[in-house]
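Chains as they are written, first to last, in numbering that gives the first Met the number 0: chain A, 0 to 297; chain B, 0 to 334.
Bear in mind the hints are in silico, worked out from the structure with no lab data behind them.
Relax, there's no trap hidden among the hints.
According to the in silico footprint, chain A covers these stretches of chain B (three or more CB under 8 Å from chain A):
1. 142 to 151
2. 271 to 278
3. 300 to 309
4. 312 to 319
Beta carbons: idealized from backbone N, C-alpha and C, even for Gly.
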Amino acid sequence: MKEISPSEILADLTPRQEVWYKLRANRSAMTALIVLLLLIAGAVLAPLIATHDPFEQFTDTLLAPPYPAAESRPGFLLGTDDLGRDMFSRLLYGARYSLFLGFAIVVFSLVSGVMIGAVAGMKRGLTETVILRLMDIMLAVPAILLAIVIVAILGPSLANAALAVSIVLLPQFVRITRAAVISEMNQEYVLASQLDGSKGRRLFFQAILPNISAPLIVLATLSFSSAILDIAALGFLGLGAQPPTPEWGSLLSSSRELIEVAPWTVTLPGLAILITVLASNILGDGLRDALDPKVEVL
Amino acid sequence: MLQLLLRRLLLVVPGFLGVTALTFFLIRLAPGDPILLLAGERGVSAERYAELQHQFGFDQPLLIQFTDYLWQVLNGNLGTSVVTQTPVLEEFGKLFPATLELAVIAMIFATIIGIPAGVLAAVKRNTVIDHSITAVSLVGYSMPIFWWALLLILLFSVNLGWMPVAGRINFIYDIDRVTGFMLIDTLLAGDKDAFFDALHHLVLPAIVLATIPLAVITRMTRSSMLEVLKQDYIRTARAKGLSEFSVIFKHALRNALIPVITVIGLQTSILLTGAILTEIIFSWPGIGKWILEAVYRRDYPVVQGGVLLIAGLVILVNTTVDLLYVVINPVLRRR
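So that you can see chain A by itself, here it is in the shape it has in the complex:
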């Protein structure tokens, strides 16, 4: 019987199947994907899974440690905070904020970044120069600092923090899209499409965008982790979600003073952030290897 080599398998697959095939072979990326899916499921199903109301204060069980400790209280798997709120339920509801916001931020930056980048790459000339210089300026201000200033002006709230982080993440999408569009504009298929009479929006969405999606997908995955980190950092600084919202960053900042008496109230939210960020970074790296994008993502 004839042996089938991996390259022969790949030859018969559609591009999408090929990416999936390569990704599935990458064990750490698959683990990361499963972890992310579990987190998403936990966030979506939070009302069903949570053992308690995340805001309810059980005044008779203040600062109960997580299992398995001698002072653990039944029903409070991960312990309680200083107001007797169940940590497990709060973390689960917190996932809703972090994951949903991370997703919304990436979608916003991706969509607007692709639009602006496409205009820069297709129009060239003065438009392009102005857009690029603007993005350079935004990149010159450290991300968190720019976000802090935006939040300082708009006022601290979760929505404003999310808006600030989307603005901070925008320049990368613009630059990647522009670079990719410029390199694709010289391809023959684009010329063919142009000869076929398509230009402007139609040319971009029908011909170019499908061909430059690989680096954008990778950047979007990696930006998801930056978004979650930045939102948490703003929450931690008191500029994002406000207590008693169980967003992970603000959970951390409100339990800072408890670090000596109840270390779990500090360790658990941070661990949740780390796991989510780590999983999306690993998945991003895996996707980059699987998609082998033509444009390098920095």
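Here the structure of chain A is known, so what remains is to put chain B in place on it, guided by the hints.
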């Protein structure tokens, strides 16, 4: 090459101009009238209001206000803090050495560990060593450093009692300020105990601030080394019978370092971002803490001037790195 360098230098001008415009107009978007904010709860009479408005130039068209501001900035006048009544530039100058000291120590730390770790991972590719280094740097890269700082405080300061929790130096030492760098000032004062106390205070914040650059440098060194080790000249060097040490450190690493140096330079922005979080947690009296406190107090001149100075710094460092890159990269040099 000269032309390339000059062109790169010219790009600095629109960069600075843009950042100035960004900070100017962003602050103008802030809700609330700055004069009423200044007057506080006492309020202000209509005449005094008009007078103040004229004094601050708020009655002028926005564009005139901007050119005035630009002129002031070019003359080194970045405004005065509403809270302390000290010029912004002076406050920045006083606090910046603390941030610089922390950032430099963190960067040295990240470089002297990151480069060898990256080389080791590349040389021992696909072994347990490589996998562990890659995994650890991935975790470091994903680390929420504000949490990492709290964990280190919990372990080393609270539980073990080895490290101080906050500040730059124990208040029992009274060190004359000469350079603003605590490590240098204590040495100049000849106070050995104070020097070690300052060093002691620096360890945890420096580790926290170094974490992400360390991970980035390790990853970059590893992938750059892997790329170089594939090259023909490495095979030639080996074929010549050179020792493995000489092949890796003299032939491979030197070439692999070019992109790594660029990456190290580009960490400035990340370092300054990290400094804000690190300084807040460790009560480190630097510019990160200063700017954040100004945000909390709505001290807009400080926010505006501080952001401008930090962005200017980032542009300056990035430009220097770009220029250095041209100088050290033979391919670009020849053009």
